[in-house]
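Here are the chains, one letter per residue:
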Amino acid sequence: MRRMLLVLEPVIWLLFSAGMMVGGLLLPAWALVMGVAGPLGIAPAATSYDHVYALASHPLGRLVLLAAIALPLWGGAHHLRHVWLDFGGLRSDGLVGTLCYGVALLGSLAAIVAVARL
Amino acid sequence: MNPIDLLANTWIWYALFGVVAALFFLRGRGRSLTSFAERSSGSPGARASAVGAVPPGREKLRSYLAFGFGGFFLMSVSLLVLRAVWALGNGEAAWSRVQASLQNPIYVIFHALAFVWLSWFVLRLFRLFPATQPRRIGPLRRPPDAVLVGGLSAAFVGVTLALAAILSGALG
Numbered sequence: 010m011r012r013m014l015l016v017l018e019p020v021i022w023l024l025f026s027a028g029m030m031v032g033g034l035l036l037p038a039w040a041l042v043m044g045v046a047g048p049l050g051i052a053p054a055a056t057s058y059d060h061v062y063a064l065a066s067h068p069l070g071r072l073v074l075l076a077a078i079a080l081p082l083w084g085g086a087h088h089l090r091h092v093w094l095d096f097g098g099l100r101s102d103g104l105v106g107t108l109c110y111g112v113a114l115l116g117s118l119a120a121i122v123a124v125a126r127l
Numbered sequence: 110m111n112p113i114d115l116l117a118n119t120w121i122w123y124a125l126f127g128v129v130a131a132l133f134f135l136r137g138r139g140r141s142l143t144s145f146a147e148r149s150s151g152s153p154g155a156r157a158s159a160v161g162a163v164p165p166g167r168e169k170l171r172s173y174l175a176f177g178f179g180g181f182f183l184m185s186v187s188l189l190v191l192r193a194v195w196a197l198g199n200g201e202a203a204w205s206r207v208q209a210s211l212q213n214p215i216y217v218i219f220h221a222l223a224f225v226w227l228s229w230f231v232l233r234l235f236r237l238f239p240a241t242q243p244r245r246i247g248p249l250r251r252p253p254d255a256v257l258v259g260g261l262s263a264a265f266v267g268v269t270l271a272l273a274a275i276l277s278g279a280l281g
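Sequence lines, in order, name chains A and B.
Under the working numbering, read the first sequence as residues 10 to 127, first letter to last.
Under the working numbering, read the second sequence as residues 110 to 281, first letter to last.
Just so you know, the hints here were simulated from the structure itself, not pulled from any lab data.
Yeah, the Cβ is synthetic: ideal placement off N, Cα and C, and Gly gets one too.
Hints may contain errors.
[To be verified] Which residues of chain B face chain A? A partial, calculated answer using Cβ under 10 Å:
{"no.": "1", "residue": "GLY180"}
{"no.": "2", "residue": "LEU188"}
{"no.": "3", "residue": "PHE219"}
{"no.": "4", "residue": "LEU257"}
[To be verified] Covered stretches of chain A, as calculated for chain B (at least 3 residues, CB under 8 Å):
{"no.": "5", "segment": "29–35"}
{"no.": "6", "segment": "38–49"}
{"no.": "7", "segment": "58–65"}
{"no.": "8", "segment": "85–91"}
{"no.": "9", "segment": "108–120"}
The following block holds chain B by itself, in its conformation from the complex (with noise of 0.2 Å):
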């Protein structure tokens, strides 16, 4: 195994994955929000905001885990392209083992997942984004919140549309 095929097979974050979801798995079990709320004030960031705040409610808990483990399908997803990309370096044979492996069916369930959930984090990513906008953008006064949601919203829709076209040959 090449060293960017070890760097890349996303089985070890597969794993990891597995690890950090067991974790949070069993430390979460039979404890109340509070006790998380507590745990989270470790770190610097927490412990600057944390004062006089409240444990958040199950749903924002639960919505921002799933945006922490975005960052697994960040990482999982560009260690993929980076080992077809060495493959099309190293040429047609290379590639071509690549693209087999990836017609394993958990390659593809995975994938699925990866674009359901990065679509999702893109789309939650940009609805924080107003909140860290000044006032006045230039000499301009800021957009209305929907209007800049609105905007990034569209445009991610617009790069993913343009992308997998160009990306399937339909387009250019």
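Extracted from the complex, chain A is given alone in its bound form (with noise of 0.2 Å):
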């Protein structure tokens, strides 16, 4: 398994540095204003489905959703599969980059399905 990661490293190093990008850009406005202030009544439009509808359902919606879910999820994997070869996890390391990427491929598919039911 590790053999397979090392082939397939320029390519997770690509969906890495672009998800560390698009995850870093988007997803802080995301969680200030989707998970604290409309919870907390402070944007009840956040809240509301007709309003998150509309702007999810949009072409340009949908496409920076997918950005949003996708490439963020392959740039933590990376993330953490490395702070684990920090803390010494080389033997480790095929079963648990198999798990971060799993995760991240799960995800990225489930994402495509997601937008293309909305």
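Assembling the complex is the task here: the two chains are given apart, and the hints tell you how they should meet.
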């Protein structure tokens, strides 16, 4: 499995760098508005189904959402794998790498289905 | 529980974060930074760059690890976005259920922490950016580092404000 991860390393690095950039730019605003301001009643529109559906179902909205879900998953997976390596987890790298990238792959596929269903 | 809720259930990630943090705490206790550097040298990238390297200072090490744990927040928040989008596709009742669950104070605290952590994460990433750039970008000389970092940081603030305004209904 480690050999396969090494072969895929250039693709993973591409997704990792894109994921850090896209995730870093898009997710703080989502966390602030949808996770804090909306539930606390500061931004009631953020919890409105009609408002959020109108934004999300727009073609541009679907594209942004797909990028905001799929790419940061790869960025985060690669980061967590390397934190594990830094703690001396080289022996279990194949397992941890597969687990991290497996979640990213599943999440990316689910994201494609999720935005297509809107 | 549908598969997306299962995948996106961040409680699993809370547990993972707790385990990793506990591991760090337990393994880090009583060990010098040199021993951390030795353990770090297990990774292929670290092995290549560790020749003649000195162990990093404690502050740099903390910052490095905090940056690494940014990956946990990237994955967790992405999975929460996926959960919300999936619920949108299932209709208003499913959306309301997700919104009700997000009112749990633990979720609110988690999101506030994620906002702070990810903002720091991306600003640190931008500080590292100039070191990755060539001397010339196309036919032009590369701008000074302060211009690159300042421009990217301003872009982050602008994108965050614009997105927050759109999501909260203040704009558009």
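Status of the hints after comparison with the structure:
1. GLY180: Check passed: Cβ of GLY180 of chain B comes within 3 Å of chain A, closer than 10 Å.
2. LEU188: It holds, given that the least Cβ distance between LEU188 of chain B and chain A is near 6 Å, below 10 Å.
3. PHE219: Holds, because the Cβ-Cβ distance from PHE219 of chain B to chain A comes to roughly 7 Å (cut-off 10 Å).
4. LEU257: Since chain A brings no Cβ nearer than about 14 Å to LEU257 of chain B, farther than 10 Å, the hint is violated.
5. 29–35: holds (count 6)
6. 38–49: That given contact holds, which follows from 12 residues of the segment 38–49 of chain A lying within Cβ reach (below 8 Å) of chain B.
7. 58–65: Held - the segment 58–65 of chain A has 6 residues with a Cβ nearer than 8 Å to chain B, which meets the minimum of three.
8. 85–91: holds (count 6)
9. 108–120: holds (count 6)
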